[in-house]
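Number of protein chains: 4
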Amino acid sequence: MTIRVGVLGARGKVGQAICAAVEAATDLELVAAVDKDDSLEAFTEVNTQVVVDFTHPDVVMGNLKFLVERGIHAVVGTTGFDAARLDEVRGWLAERPETGVLIAPNFAIGAVLSMRFAEQAARFFESVEVIELHHPNKADAPSGTAYRTAGLIAAARERAGVGRSPDATSTELEGARGADVEGVRVHSVRLAGLVAHQEVLFGTQGETLTIRHDSIDRNSFAPGVLLGVREIAARPGLTVGLDPLLDL
Amino acid sequence: MTIRVGVLGARGKVGQAICAAVEAATDLELVAAVDKDDSLEAFTEVNTQVVVDFTHPDVVMGNLKFLVERGIHAVVGTTGFDAARLDEVRGWLAERPETGVLIAPNFAIGAVLSMRFAEQAARFFESVEVIELHHPNKADAPSGTAYRTAGLIAAARERAGVGRSPDATSTELEGARGADVEGVRVHSVRLAGLVAHQEVLFGTQGETLTIRHDSIDRNSFAPGVLLGVREIAARPGLTVGLDPLLDL
Amino acid sequence: MTIRVGVLGARGKVGQAICAAVEAATDLELVAAVDKDDSLEAFTEVNTQVVVDFTHPDVVMGNLKFLVERGIHAVVGTTGFDAARLDEVRGWLAERPETGVLIAPNFAIGAVLSMRFAEQAARFFESVEVIELHHPNKADAPSGTAYRTAGLIAAARERAGVGRSPDATSTELEGARGADVEGVRVHSVRLAGLVAHQEVLFGTQGETLTIRHDSIDRNSFAPGVLLGVREIAARPGLTVGLDPLLDL
Amino acid sequence: MTIRVGVLGARGKVGQAICAAVEAATDLELVAAVDKDDSLEAFTEVNTQVVVDFTHPDVVMGNLKFLVERGIHAVVGTTGFDAARLDEVRGWLAERPETGVLIAPNFAIGAVLSMRFAEQAARFFESVEVIELHHPNKADAPSGTAYRTAGLIAAARERAGVGRSPDATSTELEGARGADVEGVRVHSVRLAGLVAHQEVLFGTQGETLTIRHDSIDRNSFAPGVLLGVREIAARPGLTVGLDPLLDL
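Chains as they are written, first to last, in our numbering: chain X, 3 to 250; chain A, 3 to 250; chain R, 3 to 250; chain H, 3 to 250.
Check before you lean on any hint, since a few could be wrong.
Where chains are identical, the list cannot tell them apart; a pair therefore holds if satisfied intra-copy or between any two copies.
[What the hints assert, rightly or not] Derived EDC-like pairs: lysine to aspartate or glutamate, alpha-carbon spacing no greater than 20 Å straight-line:
id, residue 1, residue 2
1, Lys140, Glu174
2, Lys38, Glu176
3, Lys140, Glu128
4, Lys140, Asp169
5, Lys140, Asp89
6, Lys67, Asp39
7, Lys38, Glu90
8, Lys67, Asp40
9, Lys140, Asp29
10, Lys15, Glu90
11, Lys15, Asp40
12, Lys67, Asp84
13, Lys140, Glu97
14, Lys140, Glu100
15, Lys15, Glu233
16, Lys67, Glu43
17, Lys15, Asp84
18, Lys67, Asp249
19, Lys140, Asp219
For the record, the hints were derived by calculation from the structure and aren't laboratory data.
All of these numbers come straight from a predicted model, not from anything done at the bench.
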């Protein structure tokens, strides 16, 4: 039996890509594509089981309240969830304990897995550095993902009592050794022809382990969203981040 | 307090490297270095707590029996353990339930981690291929590690109901698409200037994840052996493979 | 002073990208955008200096004859040029010796450079192998570029008296060692999430040199086309392939 | 016919490796292995044609004078040659115009080729950055090779009128964007398990070209030295650097 899926924000660029991905999946059925001028009732009229919401921080809370009250599961990529908003969602879910809501800042499975693997590997190697590579129009360096990755690595090493990576540098041209994010060196490359890439390098005596993620397409969130759609009914309550669904 | 460590096969190439690594570690003390003409009593005389055995299939069972009977923990890299041998070791350990024995075919932490990560990632991607790269004097293609990696990936995908990687190839020059190991394509590169390297490539819409392991030194087993030495006292009974010690 | 540029096939996907690239370049001026229902006279009316032709084998010869007779330089990416067609173009150019025509099968500068570098490096290394990686919808393996690259490498090694790459493989699972293209091993990876990539690996004692080209966008021909537009006036007669313009 | 080769500094680590490489080559014959307590006459007694000198700045000038005066060709890896020393060698060679001397700071063919290719590619791409990766005991960052590579790239771009690589970074954690070497960003990674590696990344719309050199062995100079031994007789006078012998 197929899952009956609705999409909110269906005419946006991301929403269109999700509609296409749902339609291409043989185990999912797209039953309602709703955008800002449409009524949310469209979902209840066709017995929607899961709704995907990639809309806007201004409207997402209203959407979620509507869905949870009607026992419709939700997979949410909209940004802007702080602790207060997450608590509010948990409050609604307490009234409808069989309903599941997944809120995730990043649906690119490859990105989520590389952060997880980097965290797991962190304490087994003397050395670690991060290189992130992006198109030259990016305003911030390092990238948000590199900050998060370095933070996870640093915390894992601290928990295991592993010290800083060895480094005998005594003469450095300013900036050569990268930025220091909680003790982990991070290098940011900006190059025409790239999109979004990251490499985590681990090293110990005689061997290195490299975890590399390449994203060349804005649609790389689609497989992660579909995973959420398929799994959320089995996970009542609030799930934050894609990690728990990966069952690693 | 330091751990009192003995080494068996101490004058071999691998044994020498292990002795050096133990001596370099501040939390370990090398108390006995034994080779084939020496008596195993050397270990008991100095209250050895853990013995590392990189010897030969012909003598390793005698070594292990001696050690287990005396409650000395063992970390074993010697090859040739089949199910019957492992059962025999389990029998000895039943008599000395507080003693721990670790037997592992591969102590390179990077290799062990990359296999584990590859297995974990396998079901989240449409496509997967393995490229292994070695020096040109290697006799077999693919490498044993590539066979094992592809086997783990194939099993994980089958458990999750993921089909074969998509492939529209209709015109192929013989061999271009690599070897088929349980449905996973494996490519073997042989090149002067290389030692032992492996890349597992995963891909789905718009993104790829690459796990690469490079080993350029025969001493890359040392960090894994030291991990075993430090952990084995806390793991009574028989442990096979380094994985359980990694606590992933 | 800017160069006055016309585009033939201007409403096609490639043609649109070229029009946009010309308009974005400060030293070029787009003076005529012509497609199949338009008259070629549009070029002469506005004193076009160089015309870019990405049209169809059925019409390109007529286009070129028109342009050469009027002394308009041409940069041609249309396919289907065999020796007979090239000779015919040379015949027209003999009448207008100040006019330049560039006909190239590949305008991606990175691809052209990597083939050239691979050819130059070929004779200095004991070992060489080629890995090409593409999206899984590709029908042929190896790719045309990999065939050409391996052929150039093989010829360069033969001229220099360099033998085959060393290879001690005695046990091979069928296909593991790739395809044999004129004595050079070529491996073809097909993976979702990739577009078009190629790696040439050279190795000798203790060192390797890798030349990698990644193409993730159909517009990667644009910089090569603009290079042709800027240089062709200084190169009267027929030029085949982008290489001569690179002045390596 | 084989070339009769002598080695100066034959008992040093490098000298031993060169003796072994000469003996392994079927077209070369090792006729004299000389070290500091031996007489240079050993070379003349056995009609040595080419001498390889990896000794010390304090003795190399005396060695070279002796060899040139006797018409013996020399291949020199000893350091410490400034303009004055090179002029002195040229003076000796003026008296023996049929004799050839090659003095090179770097005999790793892969390193020499990657610098050359980087210089050739530099003007065809909007963007370029350099990543060099070394073992953590290295004192300086960036490496000398990275400085030289960036300098060659910068000069080639300036000659061609190519501006700086585009970069929209407005928020940077100090050091993230690397060091600025003549306008080229250089990143220095220091990691256990590495030896000496460098990657030059070029990018333009939709495509990137990467030139990577990996050196994992101190003997990676051997193929370059043998190339010098084979070619120097055909190149009378002074040759500085391996480049001219590569005939690119």
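Right, here's what the structure says about each hint:
Within a single copy, Lys140 and Glu174 get their C-alpha atoms only as close as 26 Å, which misses the 20 Å cut-off; across copies the closest is 11 Å, which meets it. Proximity of Lys38 to Glu176 under the C-alpha cut-off of 20 Å is found in neither arrangement, the shortest distances being 50 Å within a copy and 42 Å between copies. Proximity of Lys140 and Glu128 under a CA criterion of 20 Å is satisfied inter-copy only: 16 Å between copies versus 31 Å inside one chain copy. For a Cα distance limit of 20 Å, the shortest separation of Lys140 from Asp169 across copies, 8 Å, qualifies, whereas the shortest one inside one copy, 29 Å, does not.
For a Cα distance limit of 20 Å, the shortest separation of Lys140 from Asp89 qualifies neither inside one copy, at 33 Å, nor across copies, at 49 Å. Within a single copy, Lys67 and Asp39 get their C-alpha atoms as close as 18 Å, which meets the 20 Å cut-off; across copies the closest is 57 Å, which misses it. Taking CA atoms no more than 20 Å apart as the test, Lys38 paired with Glu90 passes in neither setting, with 23 Å inside one copy and 61 Å between copies. Taking the shortest alpha-carbon separations for Lys67 and Asp40, only the intra-copy value of 17 Å comes in at or below 20 Å, while the best inter-copy value is 58 Å.
In the homo-oligomer, the alpha carbons of Lys140 and Asp29 never lie at most 20 Å apart, since the shortest distance is 37 Å inside one protomer and 26 Å across protomers. Taking identical chains as interchangeable, the C-alpha atoms of Lys15 and Glu90 are never at most 20 Å apart, the minima being 28 Å within one chain and 49 Å between chains. Taking the closest pair of Cα atoms, Lys15 and Asp40 come within 20 Å of each other only inside a single copy of the chain (17 Å); across copies the shortest separation is 35 Å, beyond that limit. With identical chains, the CA atoms of Lys67 and Asp84 are at most 20 Å apart within one copy only, with a shortest distance of 16 Å there and 59 Å across copies.
Within a single copy, Lys140 and Glu97 get their C-alpha atoms no closer than 43 Å, and across copies no closer than 52 Å, so neither meets the 20 Å cut-off. In this assembly of identical chains, the alpha carbons of Lys140 and Glu100 never lie at most 20 Å apart, being 42 Å within a copy and 45 Å across copies at closest. In this assembly of identical chains, Lys15 and Glu233 lie within 20 Å of each other by CA distance neither inside one copy nor across copies; the values are 24 Å within and 40 Å between. Taking the shortest alpha-carbon separations for Lys67 and Glu43, only the intra-copy value of 13 Å comes in at or below 20 Å, while the best inter-copy value is 65 Å.
In this homomeric assembly, Lys15 and Asp84 never come within 20 Å of each other (Cα to Cα): the closest approach is 25 Å inside a single copy and 44 Å across copies. With identical chains, the CA atoms of Lys67 and Asp249 are never at most 20 Å apart, being 28 Å at best within one copy and 40 Å at best between copies. Taking identical chains as interchangeable, the C-alpha atoms of Lys140 and Asp219 lie at most 20 Å apart whether they share a chain (15 Å) or sit on different chains (19 Å).
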